[in-house]
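Q: Take a look at the letters that make up each chain.
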Amino acid sequence: MAESGSQNSAENASGARAAGRLIAHPYLALRGFARGTLPSGWDIAAFLLLFGTFTLVAIAFHQFSAPLAAVENAGVTLSPAALPFYALRTTLRMFSAMLLSLIFSLGYAYLCAYSRRAERVLIPVLDVLQSVPILGFLSFTVTFFLGLFPGKVLGAELASIFAIFTSQAWNMTFSVYQSLRTLPPDLVEATRSLRFSPWQRFRKLELPFAMPGLIWNMMMSMSGGWFFVVASEAITVGNQTITLPGIGSYVATAIEQRDLGAIGWAIGAMLVVILMYDQLLFRPLIAYGERFRPDDMPSQIEPESWVLRMLQRSRMVKWLAALAAAIGDRFRRAAKPIRLREPRPLPAWTNAATDFLWYGAVIVCALYGGWLTVRYISASLGWGEVGHAVLLALATMLRVVVLVAVASLIWVPIGVAIGLRPRLAAVAQPVAQFLAAFPSNLLFPVAVFLIVRFKLSPDVFLSPLMIFGTQWYILFNVIAGATVYPRDLQDAAKNLHLRGWLWWKRAMLPGILPYYVTGAMTAAGGSWNASIVAEFVTWGDTHLHAHGLGNYIAEATANGDYARVMLGVAVMALFVVSFNRLLWRPLYRRAERLSGVE
Amino acid sequence: MSEEQSGLANGAYEALDNHNAVLRVRGVTRAFSRPNGDPLTVLEAVDVNLNKGEIVGLLGRSGSGKSTLLRIVAGLIRATSGQVLYRGAPLNGPADGIAMVFQSFALFPWLTVLQNVEAGLEAQGLGREQMRERALSAIDLIGLDGFANAFPRELSGGMRQRVGFARALVTDPSVLLMDEPFSALDVLTAENLRTDFLDLWTENKLAIQSVLLVTHNIEEAVFMCDRILVFSSNPGRVTAEIKVPFKHPRNRLDPRFRQLVDDIYARMTVRAKTGAATVLSIGERLPEVPTNLMAGLLENLAAEPYHGRADMPAIAQALALEVDELFPMAEALQMLGYAELVSGDILLTPLGHEFTEAEMQARKHSFAKQLLTRIPLAAHIKSVLDDRPGHRAPSVRFLSELEDHLSDSAAEQTLRAVTMWGRYAEIFTYDDEAEAFSLEIPESEQA
Chain A
789 MAESGSQNSA
799 ENASGARAAG
809 RLIAHPYLAL
819 RGFARGTLPS
829 GWDIAAFLLL
839 FGTFTLVAIA
849 FHQFSAPLAA
859 VENAGVTLSP
869 AALPFYALRT
879 TLRMFSAMLL
889 SLIFSLGYAY
899 LCAYSRRAER
909 VLIPVLDVLQ
919 SVPILGFLSF
929 TVTFFLGLFP
939 GKVLGAELAS
949 IFAIFTSQAW
959 NMTFSVYQSL
969 RTLPPDLVEA
979 TRSLRFSPWQ
989 RFRKLELPFA
999 MPGLIWNMMM
1009 SMSGGWFFVV
1019 ASEAITVGNQ
1029 TITLPGIGSY
1039 VATAIEQRDL
1049 GAIGWAIGAM
1059 LVVILMYDQL
1069 LFRPLIAYGE
1079 RFRPDDMPSQ
1089 IEPESWVLRM
1099 LQRSRMVKWL
1109 AALAAAIGDR
1119 FRRAAKPIRL
1129 REPRPLPAWT
1139 NAATDFLWYG
1149 AVIVCALYGG
1159 WLTVRYISAS
1169 LGWGEVGHAV
1179 LLALATMLRV
1189 VVLVAVASLI
1199 WVPIGVAIGL
1209 RPRLAAVAQP
1219 VAQFLAAFPS
1229 NLLFPVAVFL
1239 IVRFKLSPDV
1249 FLSPLMIFGT
1259 QWYILFNVIA
1269 GATVYPRDLQ
1279 DAAKNLHLRG
1289 WLWWKRAMLP
1299 GILPYYVTGA
1309 MTAAGGSWNA
1319 SIVAEFVTWG
1329 DTHLHAHGLG
1339 NYIAEATANG
1349 DYARVMLGVA
1359 VMALFVVSFN
1369 RLLWRPLYRR
1379 AERLSGVE
Chain B
10 MSEEQSGLAN
20 GAYEALDNHN
30 AVLRVRGVTR
40 AFSRPNGDPL
50 TVLEAVDVNL
60 NKGEIVGLLG
70 RSGSGKSTLL
80 RIVAGLIRAT
90 SGQVLYRGAP
100 LNGPADGIAM
110 VFQSFALFPW
120 LTVLQNVEAG
130 LEAQGLGREQ
140 MRERALSAID
150 LIGLDGFANA
160 FPRELSGGMR
170 QRVGFARALV
180 TDPSVLLMDE
190 PFSALDVLTA
200 ENLRTDFLDL
210 WTENKLAIQS
220 VLLVTHNIEE
230 AVFMCDRILV
240 FSSNPGRVTA
250 EIKVPFKHPR
260 NRLDPRFRQL
270 VDDIYARMTV
280 RAKTGAATVL
290 SIGERLPEVP
300 TNLMAGLLEN
310 LAAEPYHGRA
320 DMPAIAQALA
330 LEVDELFPMA
340 EALQMLGYAE
350 LVSGDILLTP
360 LGHEFTEAEM
370 QARKHSFAKQ
380 LLTRIPLAAH
390 IKSVLDDRPG
400 HRAPSVRFLS
410 ELEDHLSDSA
420 AEQTLRAVTM
430 WGRYAEIFTY
440 DDEAEAFSLE
450 IPESEQA
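Order-wise, the sequence lines are chains A and B.
Counting from 789, one number per residue, gives the positions in the first sequence under my numbering.
Counting from 10, one number per residue, gives the positions in the second sequence under my numbering.
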C-alpha cells in the first residue's frame, strides 16, 4: 500500500501549502501559489482594504470618549458630505453589537447545551426575550447606561449598541444551541476517543458544526439590526434627548426640519452601506461557510464571493494566516495535553437534592417576580389600564393578521413563480434578502408626507408601514421553498393535469408550507415590533398616530411613563408568545409532517 | 474460556495473563434502570481477554450488546459493574494507546484528510512539524498519498474509511477497536480494504498488538479473526467462543472455511429456535420486517433451487443479504408460523407453502389469522380497540406497556413492526398525525 517515492513530494507540497490552509480551499491556494513572488494586484487591494478599515475604526473609537455635551450641542448636520462619516458610525455600532451577540450566543448556548438545569430555565427565558418588543425597552436601557457613564458619549453609545444587541442575539443563540444539541453522535464519540480537550472540541467540532446556521442567523440579525440602529440613535426619554452621530439621527433631524431631500440622501447612503457589508462581509462568510456544510446536504447554488477569492489569493493574507497558525501552535504546545478523566457518577440522592434546591429557587424567584409586577401595576395604574392595553393589543393584532394575510396573497404566488425558474431565482433571491435588510423606518417620512398630503386615515394607512420591512421574509422563504421543490413532483402534477386551485392545493402549497410558515412567523413577529415605530410617526411638528399597542408604548416612552411602558411591553410580549405557541409552532410541525421533512 | 481459568490458582493465572493479555475484560455488565425501577440488562457478565497478536471478533445481531462492549473498552461508556484492565490498571475513560475506527467513518467534514489524521495526534501535545510528519507517514501507509489536501466529501466511501484507519493508526495504538468498519462500504471496496489491512497486520507494519472487531457479518469474522465470540441478544452475553485455525491469507472458497461459516450459522440459529408450541408474550421484541420482504423471502424459498428448504449462508449469499437482514426476516416468519429454523437451515411450513400459492386477499386473510393467534401484542391491540366505544386508542398506551419489558428503542421498534403488520393484515389501522390506533380508516382530511 505504501509508496515511499510519493511521500516526499506530498510533504513538500503540503508544507508549502501549510500557510494557506487556515482559510484557503486547497485548489485555490495552489493556484494562488503558482503566481510568482511579486505582490499581486489582489495583495495591494487586500492591504488597502484591511488598513483602511483599521484606520476608520480607530478614528471612530476615539470619539467615544468625548463628553456627552459635545454631541448634544453639535447636533447633526444635514449636509450629504457628512453622510459617509455618519454611515461609518452607524456601521460600527452594528458591528460592535454583532461581536457582543456572538460572544453572548456562544456562551449562553454552551451553558444550555451542557447543563440540564440551566437549559430548563434559560431556554424558555430566551423564548420570551425573543418576543419582547425591544423598542419598548429603549427607555430603560438608555437611562441605565447613561447612569453608568454620566456625562460621557460612551454611555449613550453603549445604550444604542445594547439595543441593537437585543435585536440580534436571540436567534443566533437559538441557532448555536440547536447545533450543539444535534452534534453528530459519531463525531462526538470520535472527539472523546481522540481525547480532545474542551478547547480542541470547540475548535474542531462544535464551532464548525454550528457555523452554517450561525452565519445565516448573523445575516438575519444584521438585517434586523439596521432597523433598530436607526431607531436607537435619536431617542427622547422624558426630558432628555440624545442624538448620536449616525444615519438614524440624520433622518431624525431631517424629519424635524421637513427635509425630504436629506431623507433621499440617507436612503441612498443606507443602500450603499448594506450593499457593501453584503459584498465585503456576508458573501465571503457564506462562501467560506460552505466548507462546514455536512456533505449530505448539497447546496443548490455554489455560493461565490469575489472578496473571499481575493483573500484566498492574496499572499499577504496567507502570510498573516501562517503567522496566526504559528502563534496558535506555540500556545497549543505550551498547554499541557489534558487527560480528561470521566467523572465518577455521584450518588443519586445528591443529584435529586441539587435539583430540588435549584428548581425550588427558580420557582420562588419566579413567584416573587410575578407578585412584584402585579403589585407595581395595580399600585401605579390599576386594572382598568390593563384592560385598555389589552384592547389596544387586539387592535394591533388585527392589523398584524390582516397585513400578513395580504402580504401572503401577494408574495406567495410571486415567490413560487420566481422559485420555479432557477435563473430568475438566482437574481431575485439576493434582492429579496437585500430588501429585508433595508431599514424600512427610513421610508416612514415619505409615507407620512403622503398621508398628510392626501388627508388619509392614519388608522388604516399607517398600518402597511408595520409590514413594509418584514414582508420580504415571506417572499424569500417562499422562493427558497419553491427552488427546492422536487422536479419529479412538478412533472407528476403536470402529468395528472393538476391546474389552477387544485394545483396549488394538492401540489404546491403543501410542499412550500414549512418555508412559508417560517417566513410568515418572522414577518408577523417583526410587525409587532415595528408597530412601536409605525403607529406613531412624526413629520416636523405633525404627529400621526394609529390606535394600537405600539402607539401606546411609543407615547409612554416619549412621556417617560415607565409604568405604562412596562405594561405595554408585557402585554405585547404575551401576545407574541401566545401567537408563537398556539399558532405558528403547531402549524410548522404540521407543515413539516405534511411535506415529509421531519 | 472462564472454565479454563477457574482451574488455575489466582496468582499463577494473573502472572500468565499479564504476560500475554494486552487488555482484559472482567465481568462487565451494563444495565439501564427502567421507569418501573427494574434494571434492563443489555450486556451481562462478559469476560474477554485480548491477547498479543490476535484479532478478536465480536459477532452478534443488532441489540446483542457487542457495540456496547466495544464502547466500554473504548472508554466511551461506563460499565455498570465489572472492569476493563488495560496496562495493569482499570480503564477509566478513553485511554492512550486504544484507538477506534467507526462504522460511519466519523471524519470531520470541514477538515482535509491531512487535518483529520492530525486530529488523531491532537491530544498528544506534539509540535506542528512532528504532527505533520507522523500524519503524512500514516497517510502513506494506508495508501492515501495524493489525497492529503482533499476534503472527505471529495472521497469515495472506501477512501474515507482509509482516512478513518489512518487517524486511528497515526497514534501507534496497541489496541485497535473496529466498530463494523466495512459495513457501510460496498462489497468490492470492503474486501479491498480488509485485505489491505490484513496485509499490514500480517507483515507486522503496525504497532498494534491486538484488534477487537465488531461485526454482524459471519464471513467477515471468519475471514479476519483469530477468535470469534458469538453474542446472544436480550441480554447480550457471550454464548460461544470459536477459534479460527486458518492462516492468513484465507481463501473463502476453501471447504473448511465454508464449513466453519456453516457451523457458526447453525450456532446462531439454535438460539432463535422457538418451536411451534412456544407461546410468545406481549412484551416480546418483534423484528421490524416489512411484509413485502417476508412475502418475497417465502416466494424465494418455495421456488426453484430451494423447494421449501434452504441453507442459510447459501440463501444469504444468493439474495445478497447480511446476517443482520436475513435473521430478522427468518425470525419474523418463524414467529408467524410460516417457516422453521433447523440447524442453520430455513424451511417452509405447510402454512408457508399455502401463503405463497394464495392470491393477495387470501394472503392478507392468512396473515391476519396468524398475527392474531401467534403475536399476542397484535391480539391485545385488537381487543382493546374492540372494547373501546370509539374503537380508538392512543399509541402511547401500548408503548408504555411495552416499555415495561423492553428498552425504549426496542419498544418503539416493536410497536412500529406490529403497526406495519396490522395495517397489512387490515386488522387495525394507525393515524400518524393523531398517533392513535383505530379500527376504521381515519376520515380523509383531503376531502
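Take these hints with a grain of salt, some might be off.
As the list claims (entries may be wrong) - In silico contact screen, one side only, chain A against chain B (beta carbon under 8 Å); selected entries:
#1 Arg980
#2 Leu982
#3 Trp1107
Quick caveat, the hints were computed from the structure, so don't treat them as lab data.
Glycine is no exception: its CB is placed at the ideal position from the N, C-alpha and C atoms.
Q: All hints are to be evaluated individually against the structure, with a verdict given for each.
A: To see whether the hints hold, each was checked on the structure:
no.: 1; hint: Arg980; verdict: holds (6 Å)
no.: 2; hint: Leu982; verdict: holds (6 Å)
no.: 3; hint: Trp1107; verdict: violated (16 Å)
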